[in-house]
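Asker: Here are the chains, one letter per residue:
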Amino acid sequence: MEHSDISSKGKVLASGIIPFAFLVILIAYIFGPGSDVLNLGVPLPEITMEKVDFVDSEIKVTVRNTGPIPVEIAMADINDRIQPAAIEPDKTLERYESAVVRIPFSWNEAEPYNIGITISDGTRFEKEIEAAAYAIQPSLELAVLFAIVGTYVGIIPVMIGLLWLPFIKRISKQKYHFFLALTAGLLLFLAIDSVEEALEVSGESLAASFNGALLVTTVVVFSFFGLYYTSEKLVNNSQKAKIAKPVAIALMISIGIGLHNFGEGLAIGAAVGLGSIAFSTFLIVGFALHNTTEGIAIAAPMSRGKLMIGKLAGLGMIAGAPAIFGAWVGGFVYSPFTSVVFLAIGAGAIFQVILTIMKWIRSEGDQNLSSAAVASGFVIGMMIMYLTSILV
Amino acid sequence: MGILLFVALGISAVLVFPSISEAQKEQKTFVTHTGGVIKTTGEVLDPVYSVSTVEFDPEKYLREFNYGKISTLENGKTLREFTIIAEDDKVQEISPGVFFNVWTFNGTVPGPTIRATEGDIVRINFINNGSKEHTIHFHGIHPAEMDGVFEIVGSGGGKFIYEFEAGPVGVHPYHCHVMPLEEHIVRGLYGVFIVDPREGRPSADEMVMVLNGLDTDFDAENNFYAANTIPFYYQHHPIQINTGELIRVYVVNMVEFDPINNLHLHGNLYHYYPTGTDTVPSFYTDMITLSQTERGIMEFKYDYPGKYLFHAHKVEFSEKGWVGLFLVKDSGTESQYGT
Chain C
9 MEHSDISSKG KVLASGIIPF AFLVILIAYI FGPGSDVLNL GVPLPEITME KVDFVDSEIK
69 VTVRNTGPIP VEIAMADIND RIQPAAIEPD KTLERYESAV VRIPFSWNEA EPYNIGITIS
129 DGTRFEKEIE AAAYAIQPSL ELAVLFAIVG TYVGIIPVMI GLLWLPFIKR ISKQKYHFFL
189 ALTAGLLLFL AIDSVEEALE VSGESLAASF NGALLVTTVV VFSFFGLYYT SEKLVNNSQK
249 AKIAKPVAIA LMISIGIGLH NFGEGLAIGA AVGLGSIAFS TFLIVGFALH NTTEGIAIAA
309 PMSRGKLMIG KLAGLGMIAG APAIFGAWVG GFVYSPFTSV VFLAIGAGAI FQVILTIMKW
369 IRSEGDQNLS SAAVASGFVI GMMIMYLTSI LV
Chain R
7 MGILLFVALG ISAVLVFPSI SEAQKEQKTF VTHTGGVIKT TGEVLDPVYS VSTVEFDPEK
67 YLREFNYGKI STLENGKTLR EFTIIAEDDK VQEISPGVFF NVWTFNGTVP GPTIRATEGD
127 IVRINFINNG SKEHTIHFHG IHPAEMDGVF EIVGSGGGKF IYEFEAGPVG VHPYHCHVMP
187 LEEHIVRGLY GVFIVDPREG RPSADEMVMV LNGLDTDFDA ENNFYAANTI PFYYQHHPIQ
247 INTGELIRVY VVNMVEFDPI NNLHLHGNLY HYYPTGTDTV PSFYTDMITL SQTERGIMEF
307 KYDYPGKYLF HAHKVEFSEK GWVGLFLVKD SGTESQYGT
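Chains C and R, in that order, give the protein sequences. Just so we're aligned: 205 in our numbering is position 197 of the first sequence, and the numbers increase by one with no gaps anywhere. Just so we're aligned: 236 in our numbering is position 230 of the second sequence, and the numbers increase by one with no gaps anywhere.
None of these hints come from the bench; they were simulated from the model. Fair warning: there could be bad hints in the mix.
[Unchecked claim] 27 Å max Cα-Cα, derived DSS-like pairs, lysine-lysine:
#, chain 1, residue 1, chain 2, residue 2
1, C, Lys367, C, Lys183
2, C, Lys241, C, Lys135
3, R, Lys313, R, Lys66
4, R, Lys66, C, Lys59
5, R, Lys313, C, Lys135
6, C, Lys59, R, Lys45
7, R, Lys45, R, Lys34
8, C, Lys177, C, Lys319
9, R, Lys320, C, Lys135
10, C, Lys181, C, Lys319
11, R, Lys66, R, Lys45
12, C, Lys68, R, Lys45
13, R, Lys96, R, Lys313
14, R, Lys165, R, Lys96
15, C, Lys177, C, Lys135
16, C, Lys68, C, Lys177
17, C, Lys59, C, Lys181
18, C, Lys68, R, Lys66
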């Protein structure tokens with residue numbers, strides 16, 4: 009009996025491995041040495057200028073080989089006028105390798121520039137800069153400034169939003185459902201906003217080889233199911249862990265919003281980093297108004313438990329504080345790839361939170377999602393977000 | 007909470023201040039357009055000042071005139087025979103680090119400068135070793151069947167003999183005239199044809215400048231401009247001339263895409279003979295505007311030694327390579343120009 013069990017296990021293993029082995033052989037056949045069965049077409053070189061920094065009398069361009077073949081960088085130009093330049097560490101870029109092109113140039117603040125890089129086959133790649141501004145240098149001062157901005161954008165508005173809790177606490181069940189649905193509406197808007205932003209960044213600054221749209225989709229789905237699994241565990245074990253179910257839901261909402269706010273911090277940090285200071289002040293005010301509504305999202309489920317000010321403040325921190333970290337990362341070590349990934353994680357997290365809230369409404373309210381309170385709450389939530397988003 | 011914050015701070019610090027203690031690497035230097043000296047640990051991307059390793063030598067081309075294989079015909083006329091071979095598979099380094107498939111007459115862009123005296127019989131043995139059809143179309147006076155337009159010469163060794171009497175006196179372009187014409191020209195199938203007057207011109211330091219451009223990314227805009235193909239070449243290899251010596255430049259504008267080109271000379275003015283057809287100069291100026299295949303002869307002398315720029319005063323072109331220097335050396339002789 010035992011023997012046959014082992015041999016059947018072996019069979020299962022073998023039947024799992026055999027197709028995989030064939031796949032390996034197929035790939036070896038296509039890519040293997042001396043094989044030019046599938047040598048079709050001409051591979052075109054491609055480079056992407058991921059980042060342009062304006063420093064003292066110099067423009068620094070981070071360039072990455074995002075094509076299928078190695079490239080040699082040959083020349084740099086500013087506004088289509090050839091400039092002597094240097095490339096560090098060297099001009100040969102293997103696939104996905106990056107280098108920094110240093111172009112000495114006395115640029116003028118707030119003026120647009122077109123940066124061109126020519127590779128050895130004479131192809132010129134270009135990147136438009138809307139307005140030149142000094143690249144920010146990492147400093148304690150700036151880190152503190154970003155922390156303050158993050159606090160204004162993330163923590164304070166969320167805390168203000170939480171102050172609606174006593175109000176939500178006193179209202180009828182119908183109205184309570186209205187507010188929960190409102191929260192879901194708010195969040196749906198945020199999630200779509202994050203996805204849109206992620207797609208925009210990937211379209212603008214990520215090479216086609218990263219498959220921007222699919223990268224976003226994959227990360228959203230990953231984040232959604234990762235958090236869905238975690239939250240189910242957390243909510244189901246809430247009795248054991250001595251956390252009230254509303255608190256568990258509020259915690260998941262806070263985490264989702266926190267991830268989203270990290271993305272917002274990135275946007276603000278990057279805006280400051282790219283020199284659009286005026287734009288980012290506006291961005292800050294807009295986000296602050298916008299994020300007050302996020303406080304409501306956390307407050308809504310919490311309103312059915314005991315009033316726990318400490319826990320509430322903690323949740324507010326979880327939701328709001330990531331804006332600070334986001335601003336640091338966005339301002340100091342901006343990379344389009346990480347931005348896209350974080351924005352997508354935020355979106356996935358929020359979709360999960362929406363699902364959690366909808367389930368909560370259903371279980372609370374007579375297994376029904378089609379009441380007037382829920383429908384109107386959802387729609388009004390979206391509308392509030394749309395109107396406040398105009399300010400951003 | 008506190009621990010979390012601490013960890014996050016630590017990670018941020020590592021992200022923000024990477025590799026503080028990177029080992030010292032070898033430093034290279036280069037000079038900017040405005041004279042600043044920049045140090046780098048990497049490689050220099052400098053089409054302006056680095057010594058060119060390009061296959062085509064603009065220094066040699068500048069003063070190289072081909073008079074052909076000379077013989078006398080029964081009627082007493084001088085016959086000048088030339089062989090010109092067209093190719094379209096050469097990849098040449100047309101600027102440091104930039105490799106481009108040029109189409110060539112006798113292996114170079116521009117093709118050889120052909121020179122004859124008015125009334126000579128010019129015979130061109132044309133061989134097309136390219137993969138496309140090509141011809142040679144000379145500007146000048148000749149029979150219709152020698153015009154190189156309808157007598158298409160096939161690829162892979164096709165032959166044609168162009169024969170005509172050299173004329174009129176002046177400087178003329180020759181180029182391939184196969185459609186798509188713009189492509190056949192901008193890829194490099196052109197050269198200069200000089201017809202000297204029978205009585206000759208005053209002796210001078212003579213040179214040829216073909217003002218041209220290359221569109222290396224095929225967007226119908228030139229990526230490079232130059233006098234004689236290689237961008238910035240005469241800027242880092244100044245053309246050496248002497249004070250008091252008559253300089254005669256045969257200038258032909260072959261730039262495509264842009265409607266005009268021009269030539270501005272520093273510290274001096276030149277006598278300009280449009281198309282070189284007249285012996286009396288039409289202008290005394292430091293700036294002449296040239297349209298496509300517009301050409302002429304410029305004559306000047308420098309009184310003072312030193313470095314003088316010449317460049318397109320359509321400065322976009324000069325910032326993309328069409329700029330050079332005359333290095334005028336003191337010869338100790340008085341200027342005799344104009345006497």
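Asker: Could you run down the list of hints and mark each one as holding or not?
Answerer: For each hint, the structure was consulted:
1. C:Lys367 / C:Lys183: holds, 17 Å
2. C:Lys241 / C:Lys135: Given pair Lys241 of chain C, Lys135 of chain C is violated - Cα atoms ~47 Å apart, limit 27 Å.
3. R:Lys313 / R:Lys66: holds, 20 Å
4. R:Lys66 / C:Lys59: violated, 43 Å
5. R:Lys313 / C:Lys135: Roughly 37 Å separates the two Cα atoms, so the pair is violated.
6. C:Lys59 / R:Lys45: holds, 21 Å
7. R:Lys45 / R:Lys34: holds, 6 Å
8. C:Lys177 / C:Lys319: Roughly 16 Å between the alpha carbons, so the hint for Lys177 of chain C and Lys319 of chain C holds.
9. R:Lys320 / C:Lys135: holds, 24 Å
10. C:Lys181 / C:Lys319: Holds, at roughly 23 Å.
11. R:Lys66 / R:Lys45: Status violated; Cα separation ~33 Å.
12. C:Lys68 / R:Lys45: Satisfied, since the Cα-Cα distance of roughly 14 Å is no more than 27 Å.
13. R:Lys96 / R:Lys313: violated, 35 Å
14. R:Lys165 / R:Lys96: Status holds; Cα separation ~20 Å.
15. C:Lys177 / C:Lys135: violated, 53 Å
16. C:Lys68 / C:Lys177: Violated: Lys68 of chain C and Lys177 of chain C sit about 55 Å apart, past 27 Å.
17. C:Lys59 / C:Lys181: It is violated: about 52 Å lies between the C-alpha atoms, which goes past 27 Å.
18. C:Lys68 / R:Lys66: Violated, because 38 Å separates the two Cα atoms, which is more than 27 Å.
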